[in-house]
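Number of protein chains: 2
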Amino acid sequence: MDAAEFRKRGKEMVDYIADYLEKIEKRQVFPDVEPGYLRPLIPDCAPQDPESFEDVFKDIEKIIMPGVTHWHSPYFFAYFPAASSFPALLADMLCGGIGCVGFSWAASPACTELETVMLDWLGKMINLPEEFLAGKDGQGGGVIQGSASEATLISLLAARTKTIRRVQLEKPELTEADIMGRLVAYASDQFCATLGTTPCCSFDKLLELGPICNKENIWMHIDAAYAGSAFICPEFRHLLNGVEFADSFNFNPHKWLLVNFDCSAMWVKKRSDLTGAFKLEPLYLQHHHQESGNFINKLDYYYFHWQIPLGRRFRSLKLWFVLRMYGVTGLQEHIRKHVRLSHQFEHLVLQDERFEICAEVVLGLVCFRLKGSNELNKALLKSINEAKKIHLVPCHLRETFVLRFAICSRTVESTHIKFAWQHISQLATALLKTWEEL
Amino acid sequence: MDAAEFRKRGKEMVDYIADYLEKIEKRQVFPDVEPGYLRPLIPDCAPQDPESFEDVFKDIEKIIMPGVTHWHSPYFFAYFPAASSFPALLADMLCGGIGCVGFSWAASPACTELETVMLDWLGKMINLPEEFLAGKDGQGGGVIQGSASEATLISLLAARTKTIRRVQLEKPELTEADIMGRLVAYASDQFCATLGTTPCCSFDKLLELGPICNKENIWMHIDAAYAGSAFICPEFRHLLNGVEFADSFNFNPHKWLLVNFDCSAMWVKKRSDLTGAFKLEPLYLQHHHQESGNFINKLDYYYFHWQIPLGRRFRSLKLWFVLRMYGVTGLQEHIRKHVRLSHQFEHLVLQDERFEICAEVVLGLVCFRLKGSNELNKALLKSINEAKKIHLVPCHLRETFVLRFAICSRTVESTHIKFAWQHISQLATALLKTWEEL
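Keeping their order, the protein sequence lines are chains R and V.
The C-terminal position of the first sequence is numbered 438 in our numbering, with every residue numbered one higher than the one before it.
The C-terminal position of the second sequence is numbered 438 in our numbering, with every residue numbered one higher than the one before it.
Pulled out of the complex, with its shape left as it was, chain R reads as follows:
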């Protein structure tokens, strides 16, 4: 395919995506396929000779779409939102077109520098303490990771390296293995200090945990993967109080800030804690600016020192496009709409005395259940997901089986919430009737 054909096909693809997202409501949110459906539909091996774009394109509706769970359907209330917006899609197209691999400053200066500044923008939007920002001469700074899991792993490895070095200074007779065997990571069953846990969006008490960590010289990492986006609204910012005690913090704009996956924003107070743990300098990655003592060397802005992979895409373009084309107010509106809709659903649940709310509704997640046994609630979830009008997933809160209703789609409105509740309520009525008969 040459550039001329790409112009034609690219525009067809733009229309296909616009059609898909505009009419997504008409598709069944969860697919009908059974495990293993795809293999029999396509050949055993790659074709020897090229196929045409038309051949491939027509297989999208034939082979792919029947097996897609439509995360952006307004009837999708499962997991947490996967962010998506048109500005982010445009930025990702540009990212692909430029196609640079920005592991170091020289590998594409714009890629490194825009990321640094965008993470400062984002940090300011959630009023992160200045120590976490790079600014012109700060010791902190931000980086885009692929996922919150990677941010947590990076923090854990940096904390381990830092602690081992400290202990080795105090007790040089100990080997690294001796020390490693005695290190302790404190965690709840959600792992590190968490703001907005996945099962029920609960919040750890940073103002209690933080001072203890600081006093005992324990690295404190805070994961606010889902909830973090809400902190751009002043009325939710108090949930982040205590972040000043942390060494590292991250949240996922790719969950709730309209930036398509993958974009997990992570900040540290001391960049040297990361670069100290991961530094790697083969000659082919060095550049003469390194020796000049300017920006690069001073700020250690070789992002491959901040992450597990060496390569990295130009992901900050997505942040740049989204933050500018929505503006802070546009993004705040998005968050507030989702929170409003979750309270609407909560209200509907509370009006029905057969049901109960199982955890405080703080942001866009409602945990609810029928008053009664776990088995009853499992049966309710089964009937909801088998009807495939809406899609939910469950969680356990201690021993209790609970249904999670997460406000997900960018385009979900009050009418979808009402529909979802009526549907759940009707299924519950039918279920309770059968249940009583048994």
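A few of these clues could be false.
Pairs involving identical chains hold if they fit within one copy or between any two copies, as the list cannot separate such chains.
In silico DSS-like cross-links for lysine-lysine, where the CA-CA straight-line distance does not exceed 27 angstroms [claimed, not checked]:
no., residue 1, residue 2
1, K270, K205
2, K8, K58
3, K58, K11
4, K337, K136
5, K26, K388
6, K23, K8
7, K124, K62
8, K124, K136
9, K371, K23
10, K8, K124
11, K58, K136
12, K136, K62
13, K58, K171
14, K11, K26
15, K382, K205
16, K58, K124
17, K378, K337
18, K162, K136
19, K337, K11
20, K62, K23
21, K23, K58
22, K11, K62
Derived from the structure by calculation, the hints contain no laboratory data.
Add chain V to chain R, keeping to what the hints say.
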């Protein structure tokens, strides 16, 4: 931005990308900016109110492009290639549009299933032993990782878990920490067993290493990040002989197989070695099919058990589009063209007795230098990169400073190679003159 505006802007972006790639040759391959150039060009914080697409779009040429290293310029000979092709760009657009997060089968069945089948296609293309394929009931299989570093880390963690469990069975009195402190990872200075090292594209002798690893029960991971793509050509497949001894293998189609970053293909002989190390099953990620003992459960195809992140994009679409629209023959042509061009450059170097070739030219990389001191060659590289007509990076082969000439761009032709050589040769003449005068 609504769908109607996305249709318009998306098409403008398609044209912008087509223009950029069609005329990339006219742009200076390496930018003129100095470190820190970008921050003064943009505001200190995100705008409160939305900006228009036009505002953002005009800043691409004004703010971003002046700081881009053009990896797809036919004058870019640095690092290794970053794959790019129009079919892959189209697939990535679709991936963004669907926007699913495919961590489990239920999260989007097509995402999991296409990946499994595409990795089988790709494995067959390089004639990987059948044990590495998933097939309909194999114990092996492939997965797309973000980078070769992640594949290596995953292998290391899986190997560690497997070894600890084995030793614990033999010596139950030992703690995990006792065992961990005594584990040994054997590596060269390129880490694991490598086919096509970054500095000079050398090859470890798998047929010697493999039997020792198998005999001593050592996990063998092979990294062929760059070279792996060449194995689709029968004349290069012999370089992979010995892979049958390995436990895990990976290469990066995002380097040399025209699939845009990120797409690092990894295979294991026993999926249970990975899922055993990383298994995680909170209720909200489970699905009723799990209990049915069919495809899902049997094949452990919850890809988040295979990787560090939980979330994952629909990356196999890129493989599907590229493998079909190029066909095996089209991709073989691409590899063969690059290898032919590297031999053309090698030939030009060999005809000039001031220069020497520093490592056997096997695939698309030529390591060369002026006969003389490291300082002389550092000065040559400096004059090449300061002229900014072409872009190269160096490496150390033992103590020797060497210039790397990597065939990178999809559109590079014989004329670009001739131009590059003439340019290097002229700069060398000028340099040697000054050098002699000193």
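Structure-based check of all given hints:
no.: 1; hint: K270 <-> K205; in the structure: within (23 angstroms within a copy, 42 angstroms between copies)
no.: 2; hint: K8 <-> K58; in the structure: both (16 angstroms within a copy, 23 angstroms between copies)
no.: 3; hint: K58 <-> K11; in the structure: both (16 angstroms within a copy, 21 angstroms between copies)
no.: 4; hint: K337 <-> K136; in the structure: neither (36 angstroms within a copy, 46 angstroms between copies)
no.: 5; hint: K26 <-> K388; in the structure: within (12 angstroms within a copy, 54 angstroms between copies)
no.: 6; hint: K23 <-> K8; in the structure: both (23 angstroms within a copy, 18 angstroms between copies)
no.: 7; hint: K124 <-> K62; in the structure: between (46 angstroms within a copy, 25 angstroms between copies)
no.: 8; hint: K124 <-> K136; in the structure: within (14 angstroms within a copy, 51 angstroms between copies)
no.: 9; hint: K371 <-> K23; in the structure: neither (37 angstroms within a copy, 66 angstroms between copies)
no.: 10; hint: K8 <-> K124; in the structure: neither (41 angstroms within a copy, 32 angstroms between copies)
no.: 11; hint: K58 <-> K136; in the structure: between (51 angstroms within a copy, 26 angstroms between copies)
no.: 12; hint: K136 <-> K62; in the structure: between (53 angstroms within a copy, 22 angstroms between copies)
no.: 13; hint: K58 <-> K171; in the structure: neither (67 angstroms within a copy, 58 angstroms between copies)
no.: 14; hint: K11 <-> K26; in the structure: both (23 angstroms within a copy, 25 angstroms between copies)
no.: 15; hint: K382 <-> K205; in the structure: neither (35 angstroms within a copy, 55 angstroms between copies)
no.: 16; hint: K58 <-> K124; in the structure: between (46 angstroms within a copy, 25 angstroms between copies)
no.: 17; hint: K378 <-> K337; in the structure: neither (30 angstroms within a copy, 59 angstroms between copies)
no.: 18; hint: K162 <-> K136; in the structure: within (25 angstroms within a copy, 47 angstroms between copies)
no.: 19; hint: K337 <-> K11; in the structure: neither (32 angstroms within a copy, 30 angstroms between copies)
no.: 20; hint: K62 <-> K23; in the structure: within (17 angstroms within a copy, 36 angstroms between copies)
no.: 21; hint: K23 <-> K58; in the structure: within (18 angstroms within a copy, 31 angstroms between copies)
no.: 22; hint: K11 <-> K62; in the structure: both (21 angstroms within a copy, 25 angstroms between copies)
Consistency note: the structure conflicts with the earlier hints numbered 4, 9, 10, 13, 15, 17 and 19.
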